[in-house]
Structure formats: C-alpha cells, structure tokens
Amino acid sequence: MPELERGATDHEAPREPVVLAKGLSKSYRTGHIIQGRRSALVDLDLEVLRGEILGYVGPNGSGKTTTLKLLVGLLRPDRGEATILGEPLASRVWRSRAGYLPENPYLYDYLTPTEYLDYAGRLFGMPRQKRRERSRELIALVGLERSAQLPMRRFSKGMLQRAGLAQALVNDPELLFLDEPMSGLDPIGRRLVRDLILGLRKAGKTVFFSTHILSDAETLCDRVAVLRAGRLLKVGPLGELLRLDVSHMEVLASGIATTAPELAAAARVERVGDRLRLEVEERSLGRVVTAIEAAGGRVLGVQPVRRTLEDYFFEEMGGAPGASAAGAGAWGEG
Amino acid sequence: MGRGLSRTLAVAANTFRETVRERVLYNLVFFAILMTLAGLLLGQLSIRQDEKILKDIGLAAMDLFGTLIAIFIGTGLVSKEIERRSLYPLLAKPLSRGEFYLGKFVGLGFTLLVNLSVMLLGLLLTLAATERRPDPAMLTAVYPMLLGLLLVVAFAMLFSTLTSATLAAVLTVGVVVVGRFANVIRDMREVAPNVPEALVQTLFAVVPNFANLDFKNKVAYGEAVPLGDLGWITLYAAAWIVIVLALGLASFRTRDFR
Chain A
1 MPELERGATD HEAPREPVVL AKGLSKSYRT GHIIQGRRSA LVDLDLEVLR
51 GEILGYVGPN GSGKTTTLKL LVGLLRPDRG EATILGEPLA SRVWRSRAGY
101 LPENPYLYDY LTPTEYLDYA GRLFGMPRQK RRERSRELIA LVGLERSAQL
151 PMRRFSKGML QRAGLAQALV NDPELLFLDE PMSGLDPIGR RLVRDLILGL
201 RKAGKTVFFS THILSDAETL CDRVAVLRAG RLLKVGPLGE LLRLDVSHME
251 VLASGIATTA PELAAAARVE RVGDRLRLEV EERSLGRVVT AIEAAGGRVL
301 GVQPVRRTLE DYFFEEMGGA PGASAAGAGA WGEG
Chain B
1 MGRGLSRTLA VAANTFRETV RERVLYNLVF FAILMTLAGL LLGQLSIRQD
51 EKILKDIGLA AMDLFGTLIA IFIGTGLVSK EIERRSLYPL LAKPLSRGEF
101 YLGKFVGLGF TLLVNLSVML LGLLLTLAAT ERRPDPAMLT AVYPMLLGLL
151 LVVAFAMLFS TLTSATLAAV LTVGVVVVGR FANVIRDMRE VAPNVPEALV
201 QTLFAVVPNF ANLDFKNKVA YGEAVPLGDL GWITLYAAAW IVIVLALGLA
251 SFRTRDFR
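Sequences listed follow chains A and B, in order.
According to the numbering used here, the stretch in the first sequence is residues 1 to 334, in order.
According to the numbering used here, the stretch in the second sequence is residues 1 to 258, in order.
Only some residues are given here: those of chain A computed to face chain B with a beta carbon under 10 Å:
id	residue
1	Val72
2	Asn104
3	Tyr119
4	Ala120
5	Arg122
These are computed hints drawn from the structure, not numbers from a lab.
Heads up, the beta-carbon is just placed ideally off N, CA and C, and yes, glycines get one too.
In isolation and in its complexed conformation, chain A is listed as follows (with noise of 0.2 Å):
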C-alpha cells in the first residue's frame, strides 16, 4: 500500500474507513479480431475515511472511473475485495446509505426533475409524501426550482449535472461516490457544487470524488490519492503533498526591469502586470533584496513559494511545468 499519511487527521481521534478496498484491480479487452487485455486499475489499496473529503486525482485514463464504476458495482473487479460501509462490495445493503453521481450523466429527457427524484425515491421504498418533500428540498439545494417542471430535454449540461447531483442525494446518503462532479457546470454552478459538498462534510458525510480539476481538489479535500496509469501512486493530505519549499522565496517587486543584472541571482522571473514575480533561493534572498532597492525598485513581498497541487503532478508525472503559471488547476479535457 503507497504511505498513507494522516497529517491534518493525526490530532483527531482516529476515523473508522468507510471504503476499505485492497488488492482492487481491472482490465479491460482490447481488439476485436486479436483480442488482448488492457490493465485499467492495478492492485488498488485504498481508504476513504469517515467524514473526510477525498479528491481523487489523476490525468484522463488514469482509473479514476474505474475505481469508481467498481466500487458501486458497474464493474466487476478482476481479483481484490473491497468493503464499503462494513458491508462486503457486492451486498446491497450498503447502498441504501450511499449516493452516486456518475461522469457526465445522462438522465432520462423525457422526465422532469422532479419526477426524475420520485422515481429515484421509489428505489429506495420512501412513502410518497417523503418523495415529494425530499424532491423539493433537492431542486432548491442544487438551484433548479425555475425548472423542476421541465423535461431535461430541454437542460443544458450544467443544468443536468445539478439534477445528476440532487439524484444522488436523494435518501440522504452517508458516503457520496461523485465521478467530475464539477465537469459541465459555469462559475456559479461550480460553486455551487463546491459549497453543497463543504456542506455535505459540515453533516458528518464522507465524500469520495474524482476530479481532473486541480483547483477543486486543492479547495475542497482534506487528502487526495493520487492516481497514474492505473495505480495509486500516493495518499495523504493536501498539507503533506503540497509541503511548503522554504528553500525558494517568491518576491513581489515593482519599478525595476525584468532584465536588471541585479535579478541575475534569482532562480526565476516572471511579470505579472506593472510588477514582477522573483523565486529567490533562500541564501541569495538578502543580495536580491538589497539590489533591487539600490536599482531604485520596491520590494513589495516576500513569502515561501508554495508548491500548487499542479506543481506536484507536473513534476511527479514528468509534464510540462509551464503551464502551473497559467494557474488554470486543470489539465485534459472530460
């Protein structure tokens, strides 16, 4: 099992793991006339625990829909085991207190939301006054009362990831399996997202969510696992992955050019608008500073540089480092 490290976890009494998978692993045929076998997820040990939020973060095609189609049984596991709310894998019983939003989902367009959430509440046996009072709470919480009689036909995918969300809250679930929830929507339905899941922890839910979307993980999760090619490659909390580099200072200078042979000491230089962006080595920090006063510049701050969860794939991964300026959080499309 990768180091599984508890970090911001450590102080607390320790939590119970509400998905508990070990040795999880898949492949997938290839071909048609020569038929050979792709390897999807390898040997897969993972914890999701009790009340946390886990990201799980990999490039496109790295298993995160996979694992997630395995563990609330679309897909059925090669070897490994797995158990979800103490309940084995292929029981039924856990899935009472479990909700599931897959990746880009496709509803049915002929119904409305509402109906949509009655039908999802009768899987469940609720009573049908439960139903409708559930179903209308759910269309308030993800936003969509101006639609909740219209057919999704007629939504918009930011619109049908909202009800994909609302279906999987409908029994009020302990632990949420959600695959890109925040794929589809604009700036108001991502926050939105990211507000309902915050809120989702405030209740005491564990949230299990994959995402490629760097940003989100970095907002939203208390550990993210890292996923490659089909493997866990590390697990822990944000903190503990994205530990400061006290060896390298960013400093925030104006008033000077980024050509100034007095900026020959810094490791990086970058403009940012009417000012410039130094990473300075901690030990020439001082020389730095002093020489950008004397050149008639003003330092205007000075703190750790602080590795982004970005920073972290491109270099765990060997991609281009370029692109963390761009400060998008998101690699890959879907």
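Once you've looked at the hints, dock chain B against the given chain A.
Then chain B, alone, in the frame of chain A:
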C-alpha cells in the same frame, strides 16, 4: 408488498411512462387504426364478407403493429439505457440488475396491453359503426396475440443485452419470421428428404412456434377457440418467456458497464 417487487414496479411504471411519451408509439397506433378503417372500405366491396374482412384486417393490423412496437421499443429498452448510461445511477441504488431487467419487461408488457386494448376498442367501434354486434370472441384472438408479443419483447431484450439496438432488432425480426414459419421447418423433409431428421427436430425445437399463438383466422371465420387450447398456449408461451428472460438476465447480470 416486498421491497424488490416495489422496485420492479417502479422501473415498470417509468418504462410505461417512457413508452407513452415516445412519439413512435402514437404513429404505430394511428396506422393500426387507419388499417382497420381501410378494412371497412374493403369490406364494402365484398358482398356479405364485410364483417369477416373487417375482423381479419383489424386483427392483422393489431398483430403487425403490436409486433413492430415490441421489436423496436423492446430492443431499445435495455440497449438505450446502456448506450446513454442512464442506468448507471439506478444500478448504484438498492435496485438489483434482475429487478431492473424484469421491470423493463413488465413496463413494456403493460404498454402492449394498453395498445392492444386501444386498438381492439377501435375495431369494436368500427364494427359497431357498421351495425355489427361487437364480438367478445375476438378476445380469444387478442389474448394469444399478447402472449406472442410478450415473447417478442423477451427476445428483443435478450438480443439487446448482447449487441447493439440495430442488430438486436434484426435478430428479433429473424426470430419472429422463422417462428411464424416454424411449421415449414417441421415439414421441411417433405420437400427436402435429404435434410437430416435430427437437424429438423433441433431447429423446430429451438424456435418458438408463433403459429401456435395465432387464432386470428379462426376468430374471423367465427369459429370458437376451445378454453383448453388457450390454457395450453398460455403454458407454452409462459415457458418460452421464462427461458428467454432467464437467458437475457444471465447476460445482463454478468455485463460490465464501461
């Protein structure tokens, strides 16, 4: 009511709602009624044969359009859910694959029942409009027709768990056509004596004989259908439906949804 049954019925109710909202259904019912009215015109051309022709064409229209609904909606029932991934959130709930599959079958079965009833009502009204007495014996032709259509749905669903909707429709049409000419297979050696007996017997055994469920001519000619025959074909159709549903379910249960 058991939880499992309640979930199956929830899927069935949603399937019924889906089929009712499919426009193709209304087109087919419209054409069936149109055909019945065409029978009315044809009947007027034949002296003293109008009632027989009307019943004949009316029942044939019900059978034909019922079969089209069973094939084209039946093959889409499961395959569309898989292609569009709409079943993913459902199967993550306490709904078993078996409950889902049976719910789909029951839902379309109910749609076919409602459609046959509407078309039968249309035929009875047409008969009444021509001052013919509504004939309750027509039910003895419609009931076996419904059993046959349920069997077609079971085949359509089986094939749709194995392949695409289009290929499933082609295969189902194949089974229906071969099944309607099953007696020809049985009597094949009369025209081709070199065909091995075992092959003929096997072919005849693996294809449902839809001719067993066809009482249209009898009823149109005013012959009574014995109750014993209806009992026998009920068992015959039920056995076939159970076998085909079990095969479909076995395939659906082991399927990975990538």
